[in-house]
Amino acid sequence: MKLRFVYPAFNRHAEDHPELLDVVPCDEYFGPPSLGIASLAAVTPESWDLDFRDDRFEDVGLEDDIDLVAISTFTPSAKRAMELADAFREHGKQVVIGGVFPSHMPEVAGEHASVVVGEGDGIWPTVLDDAARGELLPRYEATEPVDVNTLPLPRIDLYLDKECDDYHPSDYPVQQSRGCPMKCVACAIPGSLGRRLRPLPIEHIVGQVEQLAARGKLGSLTEDTCLFPGAPQRHTREFVRALLETGREAPVSYLGTSMPLILAADGKLLDEMRASGIRMFYLVGGFDPITRQGFNRKHPRQRQRAVDAIKKSIDHGIEPYTSFLLGNDDDDEGSFDEMLAVADEAGLQKAEFAIRTPYPGTPDWHQMLAEDRILHRDWSKYNDANVVFQPAQMSPERLLQGYLDIWRDFYKSRQNLSKLDARDRTIQF
Amino acid sequence: MTDKSQREALVLASIAEILEMEPGDISHDARMREDLGMDSLGSLELLSTLSRELNVDLEIEQAMEIETVADTLRFVEEHVTPSESA
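Those sequence lines, one after another, are chains A and B.
Taking our numbering, the leading residue of the first sequence gets 1, the next gets one more, and so forth.
Taking our numbering, the leading residue of the second sequence gets 1, the next gets one more, and so forth.
FYI, nobody ran anything at the bench for these hints, they're computed from the structure.
Glycine is no exception: its CB is placed at the ideal position from the N, C-alpha and C atoms.
Mixed in with the good hints, there may be bad ones.
Claimed, not checked - One-sided and incomplete, this derived list gives chain B residues near chain A with beta-carbon spacing under 10 Å:
no.	residue
1	GLU17
2	LEU19
3	GLY37
4	MET38
5	SER40
6	SER43
7	LEU44
8	GLU45
9	SER48
10	THR49
11	SER51
12	LEU58
13	ILE60
14	MET64
What the hints assert, rightly or not - Anything over 12 Å on all C-beta distances counts as not near chain A; from chain B, calculated:
no.	residue
15	ASP3
16	SER5
17	ARG7
18	GLU8
19	ALA9
20	HIS28
21	ASP29
22	ALA30
23	ALA70
24	ARG74
As the list claims (entries may be wrong) - Pulled from the structure, derived: some chain A residues nowhere near chain B, Cβ distances all over 12 Å:
no.	residue
25	THR150
26	ARG248
27	ARG408
If we strip away everything but chain A, and leave its shape as in the complex, we get:
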């Protein structure tokens, strides 16, 4: 039996707004797929002959001899994913679709393919058995959380083997945990992966990093859980100490976290991180009281805490690459200038700017629906680079213009970044 995994294309900031390429002196990061396909491939029985196509830069092979097509999608690629599902079905293929978007919008995705809702690993053998008999069900629901102690390493080789002149990411994602008990307004994880945080065994996390290092790649710890108190922070300590014991620079591009957790972090842990070779935090904004309130001139202490968090990271030798979220309900037309002022005051070198996007499955989505503020459901525009909701204190047009202006204004005085080496000048936009 032949199985093809497909990762659909989607637009990023610079693809929707190519004018950004003229004002941002950094390289555009063309990163690898998320880990969904690599994780499912790892639990696919050997009896299946599997391959992988990345729709972003190669043909997906509609005409090929395939028994099952498995499409992994999130909201920015959902429209394309459903188009591909239709096309494969028109060519007589069985199609199953999974990932964050189908998990939260199964009725929408279900019009185009069989849907897997939630974590796919556990239910995947059943899906494959049904497909082998030609009897896919319309929907599969993962009712029990996967035991993370049983997970094999993801088949990251499927992604690595795709590298070519136009596509060669320096880092690949490393999974640290699944699920989360938090109720962050802009996060869909609890709804799709459960409300209990299940840290992966430290050996598994190190194993993921090592299999990347063996291919000369860095691991990106994209989840913003590394400084969560309790088990996640213990894991991070263990992970950092394991890196230190190797005596070589950590094969890690960055750790995800947020300003409040930088402020609360033990300075010794930050020092150990730096000593191990970790050089960058990815500071996710827009979820926390600092970045939700700090830029409207009504909360001076939150503004100061934003400055303090960035400076603390710099003081410990770890670059705080910061993702500013634009369009929170506390943001007004003056917030763009406040963000720029905070960045300058704190000495921030690199940042990205994302438009608030109420992704299906997030508390923000439900709030916007309840308040009738969703402007449209063109999922291809749900990608942080377009305004898809009615902002509270400005027009959608003003928010979009503010987004374009802040990219330009932030980087206007940072044009010397173009002289950095490739790793240091590459950002996500």
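With the hints as your guide, set chain B onto chain A.
Quick look at chain B alone, frame taken from chain A:
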């Protein structure tokens, strides 16, 4: 930190810092989310700060169960080690 009143002052000061309030304005009966506006990441920052300052290991699931300021104070007292609470 061996004194219960010191720990109480630390808890109130930490909540005040996160929420841009004055410690004296925080009622023990106040509900963290509904009355004070403490969101999930604010709760995590509080828990992380208290973990660091009091040298106790706290899990995030526990933070999600805390509803009031009084719960937080009680939670801290239950988790400090005997030598710290003596």
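Quick rundown of the hints versus the structure:
no. : hint   : in the structure
1   : GLU17  : holds (8 Å)
2   : LEU19  : holds (7 Å)
3   : GLY37  : holds (8 Å)
4   : MET38  : holds (8 Å)
5   : SER40  : holds (4 Å)
6   : SER43  : holds (8 Å)
7   : LEU44  : holds (6 Å)
8   : GLU45  : holds (4 Å)
9   : SER48  : holds (4 Å)
10  : THR49  : holds (5 Å)
11  : SER51  : holds (5 Å)
12  : LEU58  : holds (6 Å)
13  : ILE60  : holds (5 Å)
14  : MET64  : holds (5 Å)
15  : ASP3   : holds (22 Å)
16  : SER5   : holds (23 Å)
17  : ARG7   : holds (17 Å)
18  : GLU8   : holds (19 Å)
19  : ALA9   : holds (18 Å)
20  : HIS28  : holds (21 Å)
21  : ASP29  : holds (21 Å)
22  : ALA30  : holds (16 Å)
23  : ALA70  : holds (21 Å)
24  : ARG74  : holds (18 Å)
25  : THR150 : holds (22 Å)
26  : ARG248 : holds (29 Å)
27  : ARG408 : holds (30 Å)
Going down the numbered hints, you'll see the structure goes against none, and every one checks out.
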